[in-house]
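*Asks:* Spelled out from the first residue to the last, the chains are:
2 protein chains.
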Amino acid sequence: MPAPSPERLPAVWLRDNCPCADCRDPRNGQKLFQIVDLPRDLAVGEVRQAADGAGTEVIWSPDGHRSVYAHEWLAEHEPGVSGGTGDGRTEADKTLWRAADLAGALPEATWAAYESEPATRARVLDAVLRYGFALLRDVPRREGQVLDVARTFGFVRETNYGKLFEVRVEPDPNNLAFTGARITPHTDNPYRDPVPTLQLLHCLTNAAAGGDSGLVDGFQAAALLRDEDQAAFATLTRTPVPFRFDDAGTALAADRPLIDVDPLGRVREVRFNNRSIGTLRLPAADLDAFYLAYRTFAEILLRPGLQLDFRLTPGDCLIFDNVRLLHARTAFSESGARHLQGTYADMDGLASTLAVLRREQAAAEDGPLDELAALFAGEGAGEYLGEEVTMAQHMLQAGALAEAAGAPDHLVAAAVLHDIGHFHGPLHGTDLMDGKDNRHSHTGADRLAPWFGPEVTEPVRLHVAAKRYLCAVEPAYLDALSEASVFTLEVQGGPMSPEEVAEFEANPYAEDGVALRRWDDRAKDAAAATPDFAHFRPLLAALLRTRRG
Amino acid sequence: MPAPSPERLPAVWLRDNCPCADCRDPRNGQKLFQIVDLPRDLAVGEVRQAADGAGTEVIWSPDGHRSVYAHEWLAEHEPGVSGGTGDGRTEADKTLWRAADLAGALPEATWAAYESEPATRARVLDAVLRYGFALLRDVPRREGQVLDVARTFGFVRETNYGKLFEVRVEPDPNNLAFTGARITPHTDNPYRDPVPTLQLLHCLTNAAAGGDSGLVDGFQAAALLRDEDQAAFATLTRTPVPFRFDDAGTALAADRPLIDVDPLGRVREVRFNNRSIGTLRLPAADLDAFYLAYRTFAEILLRPGLQLDFRLTPGDCLIFDNVRLLHARTAFSESGARHLQGTYADMDGLASTLAVLRREQAAAEDGPLDELAALFAGEGAGEYLGEEVTMAQHMLQAGALAEAAGAPDHLVAAAVLHDIGHFHGPLHGTDLMDGKDNRHSHTGADRLAPWFGPEVTEPVRLHVAAKRYLCAVEPAYLDALSEASVFTLEVQGGPMSPEEVAEFEANPYAEDGVALRRWDDRAKDAAAATPDFAHFRPLLAALLRTRRG
Numbered sequence: 001m002p003a004p005s006p007e008r009l010p011a012v013w014l015r016d017n018c019p020c021a022d023c024r025d026p027r028n029g030q031k032l033f034q035i036v037d038l039p040r041d042l043a044v045g046e047v048r049q050a051a052d053g054a055g056t057e058v059i060w061s062p063d064g065h066r067s068v069y070a071h072e073w074l075a076e077h078e079p080g081v082s083g084g085t086g087d088g089r090t091e092a093d094k095t096l097w098r099a100a101d102l103a104g105a106l107p108e109a110t111w112a113a114y115e116s117e118p119a120t121r122a123r124v125l126d127a128v129l130r131y132g133f134a135l136l137r138d139v140p141r142r143e144g145q146v147l148d149v150a151r152t153f154g155f156v157r158e159t160n161y162g163k164l165f166e167v168r169v170e171p172d173p174n175n176l177a178f179t180g181a182r183i184t185p186h187t188d189n190p191y192r193d194p195v196p197t198l199q200l201l202h203c204l205t206n207a208a209a210g211g212d213s214g215l216v217d218g219f220q221a222a223a224l225l226r227d228e229d230q231a232a233f234a235t236l237t238r239t240p241v242p243f244r245f246d247d248a249g250t251a252l253a254a255d256r257p258l259i260d261v262d263p264l265g266r267v268r269e270v271r272f273n274n275r276s277i278g279t280l281r282l283p284a285a286d287l288d289a290f291y292l293a294y295r296t297f298a299e300i301l302l303r304p305g306l307q308l309d310f311r312l313t314p315g316d317c318l319i320f321d322n323v324r325l326l327h328a329r330t331a332f333s334e335s336g337a338r339h340l341q342g343t344y345a346d347m348d349g350l351a352s353t354l355a356v357l358r359r360e361q362a363a364a365e366d367g368p369l370d371e372l373a374a375l376f377a378g379e380g381a382g383e384y385l386g387e388e389v390t391m392a393q394h395m396l397q398a399g400a401l402a403e404a405a406g407a408p409d410h411l412v413a414a415a416v417l418h419d420i421g422h423f424h425g426p427l428h429g430t431d432l433m434d435g436k437d438n439r440h441s442h443t444g445a446d447r448l449a450p451w452f453g454p455e456v457t458e459p460v461r462l463h464v465a466a467k468r469y470l471c472a473v474e475p476a477y478l479d480a481l482s483e484a485s486v487f488t489l490e491v492q493g494g495p496m497s498p499e500e501v502a503e504f505e506a507n508p509y510a511e512d513g514v515a516l517r518r519w520d521d522r523a524k525d526a527a528a529a530t531p532d533f534a535h536f537r538p539l540l541a542a543l544l545r546t547r548r549g
Numbered sequence: 001m002p003a004p005s006p007e008r009l010p011a012v013w014l015r016d017n018c019p020c021a022d023c024r025d026p027r028n029g030q031k032l033f034q035i036v037d038l039p040r041d042l043a044v045g046e047v048r049q050a051a052d053g054a055g056t057e058v059i060w061s062p063d064g065h066r067s068v069y070a071h072e073w074l075a076e077h078e079p080g081v082s083g084g085t086g087d088g089r090t091e092a093d094k095t096l097w098r099a100a101d102l103a104g105a106l107p108e109a110t111w112a113a114y115e116s117e118p119a120t121r122a123r124v125l126d127a128v129l130r131y132g133f134a135l136l137r138d139v140p141r142r143e144g145q146v147l148d149v150a151r152t153f154g155f156v157r158e159t160n161y162g163k164l165f166e167v168r169v170e171p172d173p174n175n176l177a178f179t180g181a182r183i184t185p186h187t188d189n190p191y192r193d194p195v196p197t198l199q200l201l202h203c204l205t206n207a208a209a210g211g212d213s214g215l216v217d218g219f220q221a222a223a224l225l226r227d228e229d230q231a232a233f234a235t236l237t238r239t240p241v242p243f244r245f246d247d248a249g250t251a252l253a254a255d256r257p258l259i260d261v262d263p264l265g266r267v268r269e270v271r272f273n274n275r276s277i278g279t280l281r282l283p284a285a286d287l288d289a290f291y292l293a294y295r296t297f298a299e300i301l302l303r304p305g306l307q308l309d310f311r312l313t314p315g316d317c318l319i320f321d322n323v324r325l326l327h328a329r330t331a332f333s334e335s336g337a338r339h340l341q342g343t344y345a346d347m348d349g350l351a352s353t354l355a356v357l358r359r360e361q362a363a364a365e366d367g368p369l370d371e372l373a374a375l376f377a378g379e380g381a382g383e384y385l386g387e388e389v390t391m392a393q394h395m396l397q398a399g400a401l402a403e404a405a406g407a408p409d410h411l412v413a414a415a416v417l418h419d420i421g422h423f424h425g426p427l428h429g430t431d432l433m434d435g436k437d438n439r440h441s442h443t444g445a446d447r448l449a450p451w452f453g454p455e456v457t458e459p460v461r462l463h464v465a466a467k468r469y470l471c472a473v474e475p476a477y478l479d480a481l482s483e484a485s486v487f488t489l490e491v492q493g494g495p496m497s498p499e500e501v502a503e504f505e506a507n508p509y510a511e512d513g514v515a516l517r518r519w520d521d522r523a524k525d526a527a528a529a530t531p532d533f534a535h536f537r538p539l540l541a542a543l544l545r546t547r548r549g
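Sequences listed follow chains A and B, in order.
Numbering (full-length UniProt numbering) for the first sequence: 1 to 549.
Numbering (full-length UniProt numbering) for the second sequence: 1 to 549.
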């Protein structure tokens, strides 16, 4: 993408984004000037290439200020070109769902995996942002544990119910939640402003008959309402509803619409709680319109296809978006033991934790990929065992052949990386052409193992054995080998014996090793167009161990 | 106000407000039905007076449900009749201000008064809701004290800055707040969603040159913008602005407009922070419009007349609305000691605490006023020392005479209550007509003292002495006394001696006592129209000790 020319960009916007140390504190990235500090008649004066060639330099008129914008930044932020996903809080950034979309495939993880694997933690937090919830299993059934769960991604929001609330039958309940009654789908605390955006429920005991859980995607329901009855949708976005809660020590009030949209009209919050709607004060005609729309929305929310039903079992901890998902529970026998502990928290902390995890993950990926890129660019430019291509060209051609053959990503990766064992640098090898078997296939596979799984490393490990295998089972194969390959075949042990053939064929990665070998053999064409390492980088990144779990 | 007839009211709205025990949990007031549980063709069937006469009974068609609505409730909640102030969060419920409105009259209280006097606490919290801030003085200069201040009215909102943050120069600051730089008016944490709605800053040390504080009413500025440039106002309410904050462990993002309006178009939140606005992604024309509007708003915010300047001195704790007020500070010498501790909290908890305080205050007022009303209705209906009026009539007539004379409220109250010492019940007295001075003036004053100040109790205490005084200094006065009064004069000690006269005149309440005495003497007219106790109740309520402080 070419960088747009600064003269074509809105001047104040461009200047407001000046990255120089006078405009932004280098310690924390905060802006150091105010908008009124900029000249009223600001304009781009002079434009030239920055000294380092990587950016565009702007000299501003009339104040002579100098800004340097990286080409990459200019290209990425060109006004009007869609980009960025906003803050991730509106329906635009969510995956809306109905029960059937997730039944039997709840976004979940064990507590052990969540605690120990950053990738699992990222997957769980992403599910809360994307689907509105995630379920942690086998969370220690310890009182107060729910607070520790919340603290893994954010901050507990204390309310009149305490830092932690008990969901069980109470003798003199101040809320229906603390009885055995059925609770229809609702969001919590709509009478609070700001409403807690996340809720956690940790199941300690659930031996009661009944007391099953349900979740409804309120954004999905709002979208259906908008499709089916636009006027009702508009009414619910425009009518502040008085939510109220009173007990001995509390008198909470918030007047907010059932469906809250952002300035662009996108759904960003849903509040729905039949229990706590107070008395609306509107002209009679508006009351009629509101109640009609409210009923229509309630009917959609109660459609059987929308509610995802499941049962929290002891050790489960549900984390959910309290401004999007409605939660419900069936009635239960007040005699059976049922005990959940809950807490509230906020989405911004969760989103921040996820963003930092991803940043760390990207940094962790950049390490190995930068190292591989350096090897391809450095030693890789060297001679390849007497062939007419460099080592890097050879490996990249093997990858290109695998790609052209429609091979799965892990096999393309294995092809690109198969001779990594030849490289020195961090991947010390020895010189095969000196007549010693450096077992470069094993060295390479072992060096790749910290970064990639066996679906990548094992075909690499087998690609030398595959040559010996093919020589044993395909007489024509031996005849077609290059001169250098024939020489190394002897060093490597010659064609396999029948016992070795049987053993090789028993290896689950044998077929992949053979496929890799055939690309390996053809990847020595000095005339072939060869993709560069950057071409394969995203594919390699996606296979890194940090992405899994 | 007459109650509207149920047939004229929107049926679903009325039914949704049914107060019966099947519709609302009597334990907690929560609604027990869902809107979809109501018949689609709901209509008022039959209407009749409720058995107790205080309400209207509705029999609903077609389901035969029975609701009883108090006349008072129907009159108060009539649709379309303005009533209720909503949740108090929009500009409609605020007192907008400029610096001159509050300079020298900051809403403030000492920590000791705030802690010990519920009325002072209510006044301070009300100021935060109404003006957007209040200042507590002489708060103990103890580290962590700011958290205790927050906990007097709500819950601390923990953030990436911790439960508590230190505002002082830090060696490697992640925020400009932790340097000595000037900070222009801004709201905090706009990159958080939900943004903390309250901030507290507690000054422990401020010996640096500079470092003064300023506050700007962002709602006032928004209102000015709307008046002066409606298009700019509309642009700022419609443009989500990407606020961003990143440091080693945090990556916060919120896309929210600078001016947030409720569905009725009323300003409800302002976010303004030049330091943390990221890169806007809009078409070029929209960027130009936004930057023009942003600059115009910034210029208004920086008008000198708007910013209220003051200096936090050690022991001061500022509580302010972080979604309305912008705060600023002048630069200060990094060598001088300046140390503030801050925390965030939320408005909903503060508003709830204030509402509960007011409820308790009303209950505290209802106690004495209900007791007085019962005395007037009970014993007050009895004979008044041989006069032709009852005791209650006599006292109420005295009050009416004071009122007609334009007397100040405290003196009207004293007139209404002056013979309270005659009552038995909780105010045990003895029978003056038995020939003993029951010192009913002193008894009455002493009994009133827990509820009312000396401006009410002391004229009551002096009203018997005033008779003896007037008999001594006004010969015509004695002649005009009623037969019963002449009899009791002797029991009470006869006309004053010259020494007693001098002593009486030295009493600061003597004049009020004499005025009261003259109404007392005239308030024995069996033919006069007499207001009831309820007429004086609001006046009495306003004078209760619970309202002062």
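Accuracy of the hints is not assured; some may be wrong.
It does not matter which identical chain is meant; a pair holds if it fits inside one copy or across any two.
[Unchecked claim] Taking lysine to aspartate or glutamate pairs in the EDC-like style, the calculated list, with each CA pair at most 20 Å apart, reads: (1) Lys524 <-> Glu483; (2) Lys31 <-> Glu483; (3) Lys163 <-> Asp148; (4) Lys31 <-> Asp172.
These are calculated hints, taken from the structure and not from any lab test.
*Asks:* Each hint should be assessed against the structure and marked as holding or not.
*Replies:* Here is how each hint holds up against the structure:
Taking the shortest Cα distances, Lys524 and Glu483 sit within 20 Å of each other inside one copy (12 Å), while across copies they are farther apart (135 Å). In this assembly of identical chains, the alpha carbons of Lys31 and Glu483 never lie at most 20 Å apart, being 64 Å within a copy and 87 Å across copies at closest. In the homo-oligomer, the alpha carbons of Lys163 and Asp148 lie at most 20 Å apart both inside one protomer (12 Å) and across protomers (16 Å), since each shortest distance falls under that limit. Taking the shortest alpha-carbon separations for Lys31 and Asp172, only the inter-copy value of 17 Å comes in at or below 20 Å, while the best intra-copy value is 54 Å.
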